[in-house]
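Protein chains: 2
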Amino acid sequence: MLPFKTLIQTDKTLKLPVYQQIANRLIGLIQEGILKPGLYLPGSRVLALQLALHRKTVIAAYDELVSQDWLVAVPRKGVMVAGNLPVIRPRTYRGAVSPYEDAAAFSFHQVPSITLASVKPVTGALVVNDGFPDARLAPLTDWVKECRSVIESPRYHKLLMYGGATGLESLRKQMMEYLSDTRGLNISLPHIMITRGAQMAIYLAAALLIKKDDLVIVGSPNYFFADLCFEQRGAQLLRVPVDEEGIDVDMIEQLCSKRKIKMLYLITHHHHPTTVTLSAARRMKLLAVIRKYKLPVIEDDYDYDFHYSSAPILPLASADHGGNVIYIGSFTKSLGLSIRIGFMIAPADFIKAAADLRRLMDLRGDNLSEQALANLFEDGTIDRHLKKSNKIYKERRDLLCHLLRTKLGDAVKFTVPSGGMAIWLRFSKKYPLKKIAAKAAALGLQMTSGEQYHYGASSQNALRLGFASLNNKEIAAVVGTLEKVLFY
Amino acid sequence: MLPFKTLIQTDKTLKLPVYQQIANRLIGLIQEGILKPGLYLPGSRVLALQLALHRKTVIAAYDELVSQDWLVAVPRKGVMVAGNLPVIRPRTYRGAVSPYEDAAAFSFHQVPSITLASVKPVTGALVVNDGFPDARLAPLTDWVKECRSVIESPRYHKLLMYGGATGLESLRKQMMEYLSDTRGLNISLPHIMITRGAQMAIYLAAALLIKKDDLVIVGSPNYFFADLCFEQRGAQLLRVPVDEEGIDVDMIEQLCSKRKIKMLYLITHHHHPTTVTLSAARRMKLLAVIRKYKLPVIEDDYDYDFHYSSAPILPLASADHGGNVIYIGSFTKSLGLSIRIGFMIAPADFIKAAADLRRLMDLRGDNLSEQALANLFEDGTIDRHLKKSNKIYKERRDLLCHLLRTKLGDAVKFTVPSGGMAIWLRFSKKYPLKKIAAKAAALGLQMTSGEQYHYGASSQNALRLGFASLNNKEIAAVVGTLEKVLFY
Chain A
1 MLPFKTLIQT DKTLKLPVYQ QIANRLIGLI QEGILKPGLY LPGSRVLALQ
51 LALHRKTVIA AYDELVSQDW LVAVPRKGVM VAGNLPVIRP RTYRGAVSPY
101 EDAAAFSFHQ VPSITLASVK PVTGALVVND GFPDARLAPL TDWVKECRSV
151 IESPRYHKLL MYGGATGLES LRKQMMEYLS DTRGLNISLP HIMITRGAQM
201 AIYLAAALLI KKDDLVIVGS PNYFFADLCF EQRGAQLLRV PVDEEGIDVD
251 MIEQLCSKRK IKMLYLITHH HHPTTVTLSA ARRMKLLAVI RKYKLPVIED
301 DYDYDFHYSS APILPLASAD HGGNVIYIGS FTKSLGLSIR IGFMIAPADF
351 IKAAADLRRL MDLRGDNLSE QALANLFEDG TIDRHLKKSN KIYKERRDLL
401 CHLLRTKLGD AVKFTVPSGG MAIWLRFSKK YPLKKIAAKA AALGLQMTSG
451 EQYHYGASSQ NALRLGFASL NNKEIAAVVG TLEKVLFY
Chain B
1 MLPFKTLIQT DKTLKLPVYQ QIANRLIGLI QEGILKPGLY LPGSRVLALQ
51 LALHRKTVIA AYDELVSQDW LVAVPRKGVM VAGNLPVIRP RTYRGAVSPY
101 EDAAAFSFHQ VPSITLASVK PVTGALVVND GFPDARLAPL TDWVKECRSV
151 IESPRYHKLL MYGGATGLES LRKQMMEYLS DTRGLNISLP HIMITRGAQM
201 AIYLAAALLI KKDDLVIVGS PNYFFADLCF EQRGAQLLRV PVDEEGIDVD
251 MIEQLCSKRK IKMLYLITHH HHPTTVTLSA ARRMKLLAVI RKYKLPVIED
301 DYDYDFHYSS APILPLASAD HGGNVIYIGS FTKSLGLSIR IGFMIAPADF
351 IKAAADLRRL MDLRGDNLSE QALANLFEDG TIDRHLKKSN KIYKERRDLL
401 CHLLRTKLGD AVKFTVPSGG MAIWLRFSKK YPLKKIAAKA AALGLQMTSG
451 EQYHYGASSQ NALRLGFASL NNKEIAAVVG TLEKVLFY
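First to last, the sequence lines map onto chains A and B. Each residue of the first sequence is one higher than the one before, starting from 1 at the first, in UniProt numbering. Each residue of the second sequence is one higher than the one before, starting from 1 at the first, in UniProt numbering.
Hints are not guaranteed to be accurate.
Treat identical chains as interchangeable: a pair holds within one or across any two.
Said to hold, decoys possible - Distance condition first, Cα-Cα at most 20 Å in a straight line; then the derived EDC-like pairs of lysine to aspartate or glutamate:
| hint | residue 1 | residue 2 |
| --- | --- | --- |
| 1 | K158 | E474 |
| 2 | K407 | D142 |
| 3 | K145 | E244 |
| 4 | K484 | D250 |
| 5 | K12 | D379 |
| 6 | K15 | D383 |
| 7 | K77 | E245 |
| 8 | K262 | D63 |
| 9 | K387 | E245 |
| 10 | K394 | E451 |
| 11 | K388 | E245 |
| 12 | K292 | E32 |
| 13 | K145 | E378 |
In short, the hints are calculated from the structure, not lab data. Owing to the predicted nature of the structure, the values given are computational and were not obtained by experimental measurement.
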């Protein structure tokens with residue numbers, strides 16, 4: 001008889017019942033070819049003795065395997081390993097070769113695989129990010145309260161079960177009202193869908209619009225995850241310079257007059273990475289171009305709700321665009337980044353197609369979070385949060401600008417952004433960012449060396465210095481460390 | 001002077017400050033061409049009188065528009081509409097033509113646009129769904145508690161800010177342990193990523209594997225959202241019959257021997273829609289085929305944790321598949337459907353590519369929910385919930401089967417499923433489902449007429465009768481209504 005005592009080891013502290021541990025191990029032994037087809041296993045009493053277990057446990061394991069067809073119960077003879085099972089060896093994923101043959105050719109591989117957004121901070125280190133909100137200010141306690149109130153309400157289980165790919169209607173209504181109040185958008189329910197943050201909206205719009213080799217206009221430099229998204233769909237990117245007034249609209253018109261342009265991607269407030277707002281004059285000119293060439297546009301206005309110097313400029317989507325503008329935004333930054341809720345505004349047939357595609361990617365949204373957010377809109381919490389955080393972020397922006405000017409002087413250049421969460425900080429050529437980042441890390445300050453901002457564009461020795469998530473003390477510490485790195 | 005009192009109406013009850021309401025309305029008037037470039041606006045005192053507002057409000061509006069370049073302040077003459085703004089008319093999205101030219105040709109349009117999953121239940125109606133869990137049993141109160149404990153913990157804001165596209169490490173570790181205990185999967189961190197439910201994992205795997213015109217084997221009938229997902233990537237589907245033992249593996253081998261097959265999609269437990277479990281013998285045979293032809297497989301085992309008749313059969317992914325099996329599962333059904341958390345297990349390079357793509361679709365997951373779930377794994381809540389709900393679902397399955405047999409007799413046929421949340425209920429040809437569904441609706445029972453289950457396959461006059469979300473009383477009411485519909 002085989003040394004079952006050695007072959008089968010059980011552990012009562014595991015979550016899995018012991019009889020299932022035995023069954024799984026026996027399957028392993030069958031798969032490894034140690035228990036061969038046609039072999040009779042020891043009787044349950046004998047095996048139970050060997051393993052020092054109750055006989056009922058062994059019987060349960062055998063029953064299990066018989067019901068799964070691994071073993072066959074032969075009357076008056078006992079249980080036998082089934083005869084129709086070819087022998088195999090078990091294997092793990094360790095060192096396995098992927099079935100995905102094009103890994104090396106995949107276009108993402110051009111990009112630094114670790115962008116700052118995914119860097120895990122070193123414990124205790126001060127981190128400069130790309131422009132994140134301060135989760136400490138987010139109304140998360142209120143959000144948790146609303147979640148509880150939703151699951152305590154009668155019929156909540158029906159709410160959780162039946163959701164559509166366009167998102168919860170009550171939240172879409174609250175958002176419509178909010179977008180009408182703040183952006184003058186005149187829309188109704190078929191024109192809005194909720195997404196997992198603005199990124200999903202960009203992906204959906206790109207997937208519906210772009211075919212292989214289509215020409216897509218983007219800013220230079222541009223938000224890298226948008227560029228990658230369009231390239232991944234097979235687009236050829238035409239890069240148009242972004243200056244202090246935003247993207248060069250004359251050049252867009254020139255391109256449209258010469259070639260068939262499939263789409264324009266645009267960040268109208270606080271362009272990523274350079275934080276510029278597209279001027280009113282350029283917006284008007286661009287609208288004429290959009291109408292003349294029926295140019296589809298993704299207007300990514302992710303940062304509209306965070307504007308300090310004046311009110312933000314009304315979106316292209318609020319003006320006469322002939323249905324060509326897909327308007328995208330987000331409340332993720334109001335909710336502390338983890339709860340990702342964005343939206344897409346478009347003609348009704350486009351929203352329907354986007355919802356159909358979203359269903360294949362992610363069935364539907366999270367009705368619990370969405371209802372909680374709808375409640376926070378309704379009771380004014382989101383409004384109050386935005387007012388409060390705009391005030392605080394403005395102070396932080398001003399403090400950072402002041403310290404940068406007084407402490408770093410000519411070593412850096414920047415334009416005060418009219419809103420958003422980051423400053424586009426250009427370093428003098430004397431100070432290569434790569435070296436600065438390395439020195440800063442040694443002093444406990446984590447920051448990017450900036451390569452990801454120049455994806456497809458030329459390097460400017462610059463980075464986005466996110467100020468919103470840093471309190472006054474932390475801002476002073478960041479600038480203090482930079483001062484040490486640059487001058488000492 | 002223009003009738004500004006009529007043209008500009010303000011409303012103090014709105015959230016938007018009155019001065020911004022005025023500014024937005026003035027922009028509208030400029031865009032409509034009513035206020036033409038070069039026109040001087042009335043002095044602030046005059047306009048304030050007309051509108052019955054404080055002068056400061058009007059000044060704030062003018063300042064706003066000057067800073068946005070809509071107006072120009074001319075010293076000693078007042079404010080003028082800027083001269084460089086072309087005239088445009090505002091428009092809404094209502095009736096707009098979409099920039100998405102292929103809407104009509106989109107392949108999704110073949111599918112019934114309303115599948116049961118997205119039907120909104122009529123208030124008060126009893127709903128038969130496709131196989132949803134009972135959200136009333138889900139540990140949502142515990143989940144909310146864990147969310148609160150996360151946001152009350154020190155440094156939670158860093159947790160919320162810095163997340164990666166593969167999901168939170170602490171949750172991946174908990175899942176690895178759980179998957180090892182329950183499925184014998186021997187993996188480490190680089191082999192697992194968290195997704196928004198199993199659907200996102202299917203989409204990601206399909207997007208990485210499938211190119212236009214690739215041949216993909218699926219069951220007939222098959223889970224429609226998987227079929228649609230592959231077709232949307234340009235795949236040509238080869239449909240292989242699914243019988244009482246699962247998919248026909250001999251036919252898969254035949255196909256592989258004749259043509260280059262890109263991928264096989266497989267639901268190993270409780271096939272959707274027919275609820276069949278792939279038998280142990282076929283699994284062994286299939287593993288040999290996978291190894292011989294290096295056949296990439298998506299093993300969708302979404303229902304593994306809900307199995308009543310015996311223990312579930314270990315996944316293909318736990319055996320010797322040469323790295324070709326992408327294993328997909330979900331905890332969405334344990335969390336009451338709204339909080340969508342699934343996973344993908346694959347070789348490390350595949351997970352890396354999938355995470356890169358996920359970043360473009362949805363940047364990253366929700367660290368707050370993921371940490372809450374990790375805590376629920378750690379303290380045993382998920383385990384207890386699964387034990388409890390398996391017991392309850394088994395009772396519900398048995399009650400439903402008993403009632404169907406005794407009350408509906410020969411009018412219906414079904415095989416008792418060994419697990420899962422639905423019965424595949426075939427109606428006798430005498431009773432066309434379309435008519436039954438219409439009659440049931442009149443009696444307050446919402447159910448599908450079943451078309452979505454036959455996408456690409458021939459109709460069987462059958463539907464999935466989800467039992468898990470119905471309590472005993474509701475199950476009796478459903479069968480009672482069906483009895484009335486069929487026999488009275």
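Structure-based check of all given hints:
no. : hint        : result
1   : K158 / E474 : between (46 Å within a copy, 14 Å between copies)
2   : K407 / D142 : neither (39 Å within a copy, 49 Å between copies)
3   : K145 / E244 : neither (43 Å within a copy, 48 Å between copies)
4   : K484 / D250 : neither (44 Å within a copy, 71 Å between copies)
5   : K12 / D379  : between (52 Å within a copy, 17 Å between copies)
6   : K15 / D383  : between (47 Å within a copy, 8 Å between copies)
7   : K77 / E245  : neither (88 Å within a copy, 27 Å between copies)
8   : K262 / D63  : neither (63 Å within a copy, 38 Å between copies)
9   : K387 / E245 : neither (26 Å within a copy, 61 Å between copies)
10  : K394 / E451 : neither (27 Å within a copy, 56 Å between copies)
11  : K388 / E245 : neither (28 Å within a copy, 61 Å between copies)
12  : K292 / E32  : between (69 Å within a copy, 17 Å between copies)
13  : K145 / E378 : within (14 Å within a copy, 24 Å between copies)
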